[in-house]
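**Student:** Sequence:
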Amino acid sequence: MSAEPSQPEDVRTSIVRVVSRSSIRGVGNGFFVAPDKIATNIHLIADANPVSAHVRGEGVTRSIRGVTAYDVKNNLVILKVSIEGTPLPLGDSDTVKIGNAIFDAGLLARGSKDKAKQGTIFGIRENDKWFSTTLQPNPEISGGPILNSKNEVIGIEVIEEDFGYAIPSNALKVLLAQSDTLESLKQWQQRDSIRAYRYVAQAKRKFSDGAYTEMIDALNEAIALNPEFPTAYTQRGEAKLSLGAFESEQGNATEAQRHYRSAIDDSNRALQLNPNAAVAYKNRGLAKRLLADSETDIGNTARQRYYHEALDDYMQTIKRVPNHVASYTERGTARKNLGNLESIKGNVSEARRHYHKAIDDYTHAIKIKPDYAKAYYGRGLAKEELGRREEARTDFEQAETLKQEQATVRVGGNDSHATGFFVTRNKVATNVHVIAPLESAYMQSVDRKRIWTVEGVTAFDVNNDLAILKVAEDGTPLPLGNSDTIQRGEAVSAVGYPTGNYTVSEGTLHSIRDRDKWLQMNVKISPGNSGSPVINSKGQVIGVVSGAVDPYSYAIPSNVLKALIVESGPPEPLALWRKRGPILVYVHASQGARNYIEGRYDEAIANFDKVIELNPENTYAYYNRGLAKFRLADLASEKENTEKARRLYEAGIEDSTQAIKRDPEDANAYHNRAGGRFRLAQSETDTAKKQKYYQGAIHDWTQVTELNSEYADPYNNLGAAKVSLGESKADQGDISEAQALYVSAIQDCTHAIQLNPENPDPYINRGYAQFHLGKTKANKGDRAGAEVLYTATVRDCTQAIQLNPENAAAYGNRGVAKAALGNADGAIEDFDIALRLDPENAEYFHERGLAKEAFGQTEEAKVDFEKAKELDPNVGQ
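Residue 1 is where the sequence shown starts when you use the working numbering, and the numbers rise one by one after that.
Keep in mind that the hints were calculated from the coordinates and are not lab data. These figures come from a predicted structure and were not determined experimentally. A portion of the hints provided could be inaccurate.
Dumping the calculated DSSO-like pairs for lysine-lysine here, alpha-carbon to alpha-carbon at most 27 Å [as the list claims (entries may be wrong)]: (1) Lys206 to Lys80; (2) Lys357 to Lys403; (3) Lys579 to Lys524; (4) Lys129 to Lys204; (5) Lys374 to Lys319; (6) Lys867 to Lys639; (7) Lys610 to Lys689; (8) Lys579 to Lys644; (9) Lys403 to Lys562; (10) Lys579 to Lys610; (11) Lys357 to Lys204; (12) Lys579 to Lys692; (13) Lys369 to Lys204; (14) Lys97 to Lys204; (15) Lys117 to Lys129; (16) Lys610 to Lys692; (17) Lys403 to Lys97; (18) Lys690 to Lys562; (19) Lys150 to Lys186.
Simulated restraints, written as ranges between beta carbons of each label pair [stated by the list, open to error]: (20) Ala211 to Leu182: 53 to 61 Å; (21) Glu390 to Ala211: 39 to 47 Å; (22) Arg600 to Gly456: 25 to 33 Å; (23) Thr120 to Thr254: 42 to 50 Å; (24) Val788 to Ser416: 40 to 48 Å; (25) Gly456 to Lys517: 38 to 46 Å; (26) Glu706 to Glu737: 20 to 28 Å.
Every residue, glycine too, gets a C-beta built ideally from N, C-alpha and C.
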């Protein structure tokens with residue numbers, strides 16, 4: 001039975017968040033060691049001024065009065081604060097043993113849930129008595145207390161790269177005994193040793209930005225100020241490793257090797273200063289492995305000794321930090337690559353031995369951290385070399401799934417959610433329309449355990465709806481592919497948060513839009529997918545989802561994103577960025593879209609009016625304002641306010657026309673305008689105007705089919721418009737023109753069915769066209785030709801009913817056709833069902849009355865005729 005802290009909540013009231021003006025979220029933790037003194041890490045405050053202490057339980061923040069003592073080698077500082085708190089008791093760190101239970105009760109950033117975590121001690125460094133633990137390193141709680149089962153502080157948490165340690169409490173006791181002077185924070189920060197820490201802090205930020213040369217410059221300054229600072233050497237070595245990897249990717253092997261050798265030199269110097277620095281062994285091991293890879297790539301297989309030296313370094317790392325996932329993984333990679341080298345030399349059995357050992361290392365890493373994608377991928381490669389291809393494929397798939405999950409974040413704020421994804425260690429890409437409406441924003445991991453705050457916008461492209469955000473902590477970036485190489489029909493997937501939950505939506509690339517190279521995809525998405533990465537079969541991002549208009553979704557090409565990343569500058573706070581004119585357009589447009597979705601059409605129109613005022617050329621605003629006016633017109637029509645409906649339809653048509661003027665290839669604007677014209681035609685009593693509206697609708701839907709020939713709905717709508725115009729022409733006695741329209745309508749509906757055979761509407765409309773064409777034949781004495789068409793109508797309506805048994809029109813049209821074929825009994829049955837589904841339809845009552853009359857049910861027919869007239873005095877005319 002494991003020990004637990006007796007009162008973790010009582011302990012937490014003695015812990016503070018260390019915050020600064022540049023990071024209200026907090027830079028780490030501290031805790032009371034005296035009523036007016038707190039202890040924390042030097043690196044947290046060396047580059048921050050002013051600094052405050054936030055007491056979570058009491059909800060107060062107080063300034064730091066100054067520094068009373070510090071220990072450069074142990075990364076410890078004691079601060080005097082302008083508030084009193086309850087000091088935590090300091091235990092005797094000399095008594096701790098490997099295997100002892102420990103607890104971490106640190107405070108996370110605001111908005112995160114604090115939770116005490118239990119671990120054990122598994123290593124104690126000989127030179128400085130720092131001890132390593134099984135607790136996962138978390139920079140947010142650096143500077144916080146590590147407790148024993150008595151709630152005594154036996155260590156102070158500190159993070160060195162991805163290694164977590166505890167500074168022994170006895171070092172803090174010694175320092176506390178010396179804390180009898182007071183030095184202002186500003187003055188203290190000017191000391192050379194503290195300035196060295198400041199340069200290291202700056203270097204870490206440069207690392208996150210990928211500015212490795214500038215990182216080295218900062219570390220050179222740190223080393224000049226404090227030549228005995230091992231952390232500066234390890235960090236500089238890491239920067240050189242990154243530069244070497246970059247040169248290697250560019251094919252510059254000689255330059256890459258120069259950087260790797262220099263990184264080895266830095267690690268050697270760090271180990272001279274601190275022989276127990278696990279991070280230095282880890283960096284040196286990686287440098288030697290990369291150097292061996294590079295030498296092997298250019299044919300110098302004699303350099304395999306670097307692999308063996310790398311294995312020795314990783315052994316030293318693991319000896320000091322036995323749960324270090326990355327070291328097991330990297331050792332596995334060194335062994336796998338050594339196996340590849342032995343295979344090249346023909347030593348098959350030796351190669352297989354290395355592959356098996358590599359798999360053991362990767363498996364151990366996965367056991368420690370089951371969501372470590374890199375270990376799965378490496379294990380897959382080793383299994384592939386051994387011929388275990390199915391197992392390898394499973395590992396590759398798991399690695400890809402984890403990588404995408406970890407890189408894709410939920411973008412939240414203002415009670416909304418969308419998607420973003422890491423494109424560098426500390427930058428997230430999303431849509432302008434996602435971030436513009438948010439007064440404050442945060443990013444959340446797929447498991448909701450990690451939260452990143454947004455520091456600002458580093459670059460944006462209004463025309464392409466892209467924004468790049470800088471976040472406070474590092475994440476895992478996704479690789480960006482070349483969008484110019486993607487082919488039509490290629491499999492793609494959009495990963496994101498369409499309903500607030502992580503979802504993978506699969507599909508294919510349909511086409512590439514000519515004017516802006518946006519990707520048009522057959523991928524079903526929802527609003528929460530905005531900002532989602534579009535992934536190809538290689539796991540590369542080839543697009544960023546921006547939106548959807550049935551039946552397609554659209555994505556900005558990744559090459560546009562690449563160019564924008566290059567343009568990234570210092571972060572601009574969201575509050576300032578949102579005041580920019582182009583961004584205000586997005587703010588109002590977003591509000592308009594939300595009002596439209598929620599049925600507040602008048603408010604939506606007002607929002608889009610504002611967008612047009614700010615940007616009169618905004619196609620999106622005209623398009624959406626037109627949609628809102630059409631919805632209001634529909635509502636007015638339902639209330640039989642014909643004049644209001646007419647005005648709104650005409651206004652919507654004008655907005656659609658303005659959208660088309662600005663984007664003549666916008667198929668959706670033509671589609672909307674056609675719908676407005678069609679509805680005006682249906683309510684128009686003047687025959688000439690009615691036909692003009694139908695002709696306008698036919699013209700617009702024809703344009704839609706020319707711009708997007710694979711969208712079924714416009715063909716179906718064309719058929720409906722042509723049948724209606726045909727009816728009007730027939731009423732005028734122009735039978736020849738009516739017949740031509742009916743035949744054309746049948747062709748259009750057939751095309752719609754070919755494109756989407758699961759939609760009942762084109763079957764109904766084709767049947768309707770066939771029925772009217774049949775009537776014209778019957779009127780000319782061609783009874784046989786008419787019956788063929790009536791039978792086809794019955795067949796089409798039956799198919800529509802199979803697809804949707806609740807469609808009243810299908811039953812009504814089939815009933816009319818059955819009556820025309822002389823099947824009055826069958827017609828009555830269909831009209832009965834149609835009226836059950838649509839009890840206010842005057843046409844169905846009238847047609848059922850005719851069928852009953854033909855069937856000899858005179859009285860029943862009379863009742864139906866009367867009901868039909870009651871509903872519509874003009875029915876049957």
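**Student:** Does each hint hold? Answer for all of them.
**Tutor:** Okay, the hints, checked on the actual structure:
no.: 1; hint: Lys206 to Lys80; verdict: violated, 31 Å
no.: 2; hint: Lys357 to Lys403; verdict: holds, 24 Å
no.: 3; hint: Lys579 to Lys524; verdict: violated, 33 Å
no.: 4; hint: Lys129 to Lys204; verdict: holds, 26 Å
no.: 5; hint: Lys374 to Lys319; verdict: holds, 21 Å
no.: 6; hint: Lys867 to Lys639; verdict: holds, 21 Å
no.: 7; hint: Lys610 to Lys689; verdict: violated, 33 Å
no.: 8; hint: Lys579 to Lys644; verdict: violated, 37 Å
no.: 9; hint: Lys403 to Lys562; verdict: holds, 20 Å
no.: 10; hint: Lys579 to Lys610; verdict: holds, 14 Å
no.: 11; hint: Lys357 to Lys204; verdict: violated, 34 Å
no.: 12; hint: Lys579 to Lys692; verdict: violated, 46 Å
no.: 13; hint: Lys369 to Lys204; verdict: holds, 25 Å
no.: 14; hint: Lys97 to Lys204; verdict: violated, 33 Å
no.: 15; hint: Lys117 to Lys129; verdict: holds, 22 Å
no.: 16; hint: Lys610 to Lys692; verdict: violated, 33 Å
no.: 17; hint: Lys403 to Lys97; verdict: violated, 37 Å
no.: 18; hint: Lys690 to Lys562; verdict: violated, 52 Å
no.: 19; hint: Lys150 to Lys186; verdict: violated, 37 Å
no.: 20; hint: Ala211 to Leu182: 53 to 61 Å; verdict: violated, 37 Å
no.: 21; hint: Glu390 to Ala211: 39 to 47 Å; verdict: holds, 43 Å
no.: 22; hint: Arg600 to Gly456: 25 to 33 Å; verdict: holds, 32 Å
no.: 23; hint: Thr120 to Thr254: 42 to 50 Å; verdict: holds, 46 Å
no.: 24; hint: Val788 to Ser416: 40 to 48 Å; verdict: violated, 56 Å
no.: 25; hint: Gly456 to Lys517: 38 to 46 Å; verdict: violated, 28 Å
no.: 26; hint: Glu706 to Glu737: 20 to 28 Å; verdict: holds, 23 Å
Comparing the model with each earlier hint shows violations of hints 1, 3, 7, 8, 11, 12, 14, 16, 17, 18, 19, 20, 24, 25; every other hint is respected.
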